[in-house]
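Each chain, written out:
Number of protein chains: 2
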Amino acid sequence: MKKSVDGRSEAVEKALKLLGAAKTHYLATNGSHGHPNLRAMAPLKIDGVKSVWFATYEGSSKVQELLKDGNAVIYAEASRDATECRLWGNIEVLSDDASKKYVWSEELRDHFPDGADSPEMRVLRFDVSNGIYIDKNREIFEFKN
Amino acid sequence: MKKSVDGRSEAVEKALKLLGAAKTHYLATNGSHGHPNLRAMAPLKIDGVKSVWFATYEGSSKVQELLKDGNAVIYAEASRDATECRLWGNIEVLSDDASKKYVWSEELRDHFPDGADSPEMRVLRFDVSNGIYIDKNREIFEFKN
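Those protein sequence lines, which keep their order, are chains A and B. Heads up: the first sequence begins at 1 in the numbering used here, then just goes up one per residue. Heads up: the second sequence begins at 1 in the numbering used here, then just goes up one per residue.
It should be emphasised that the hints constitute simulated quantities derived from the structure, not laboratory data. One or more hints might be untrue.
Remember, identical chains collapse to one label, so a pair may be satisfied in a single copy or spanning two.
Claimed, not checked - Restricting the straight-line Cα-Cα distance to at most 27 Å, the calculated cross-link-like pairs of lysine-lysine (DSSO-like) are:
{"no.": "1", "residue 1": "Lys17", "residue 2": "Lys68"}
{"no.": "2", "residue 1": "Lys136", "residue 2": "Lys68"}
{"no.": "3", "residue 1": "Lys14", "residue 2": "Lys68"}
{"no.": "4", "residue 1": "Lys14", "residue 2": "Lys45"}
{"no.": "5", "residue 1": "Lys136", "residue 2": "Lys14"}
{"no.": "6", "residue 1": "Lys45", "residue 2": "Lys136"}
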């Protein structure tokens, strides 16, 4: 892979740019009855291509699924220039104060009126194992952590 | 469920309207290494909430995954009014002439220059077993085939 000035690959830089610009990520989990499950999520923090953080409710179907099986995939796209990114990895369901404070922003207030102290809030930390970035010419760039 | 004039439930009618309006559906499959896989797809035909049809290449990762395990989920959303729809079911990978002709439109010509006769073209028929429609108040409506 081509390396950029600071040592990161160009593919990783492009993936990060896309992930950061996309207001919506699509998250698939291993659901029930042998079927995958899938929903749109707003990414709250993106730590390089290492971890992507989300928030959800304790009682949500994804929390139930992820406690059984943390294997997951994230998809994000920039439909304007037909680029896309997929990340595979494992999700940890977290309920500690530090994680809640880390992802907290006032935009979450509608969902969690008690702020980062909301007891029903769960934090999902998606730890990336590998990923691909697909450019507008359909060329695929792979990266691994 | 409330029934509409022609006997279909309101949830099904709303789901169909959303599915038809969404240019992009998100399709998750049971991928490799225990992880789900996920990508954006353009729906080509929508036969009620019974079948949704797509086209792809013989060599694509989704074809390889679906030949091993046809269990899948489709997600579509109308982000403008915060409604969404999920359909669970099974995908058949088809290569017969009738299926190719059924989904063919000139918009596919960029991908398949030989038209509906393109040997590398595969048709995915997603047969819906059940689904949910979520309205803007986050109320969930379920339906089954």
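Hints, one by one, checked against the model:
{"no.": "1", "hint": "Lys17 <-> Lys68", "in the structure": "neither (32 Å within a copy, 34 Å between copies)"}
{"no.": "2", "hint": "Lys136 <-> Lys68", "in the structure": "neither (36 Å within a copy, 29 Å between copies)"}
{"no.": "3", "hint": "Lys14 <-> Lys68", "in the structure": "neither (33 Å within a copy, 32 Å between copies)"}
{"no.": "4", "hint": "Lys14 <-> Lys45", "in the structure": "within (17 Å within a copy, 34 Å between copies)"}
{"no.": "5", "hint": "Lys136 <-> Lys14", "in the structure": "within (12 Å within a copy, 34 Å between copies)"}
{"no.": "6", "hint": "Lys45 <-> Lys136", "in the structure": "both (26 Å within a copy, 26 Å between copies)"}
Consistency with the previously given hints fails for numbers 1, 2 and 3, ordered from lowest to highest.
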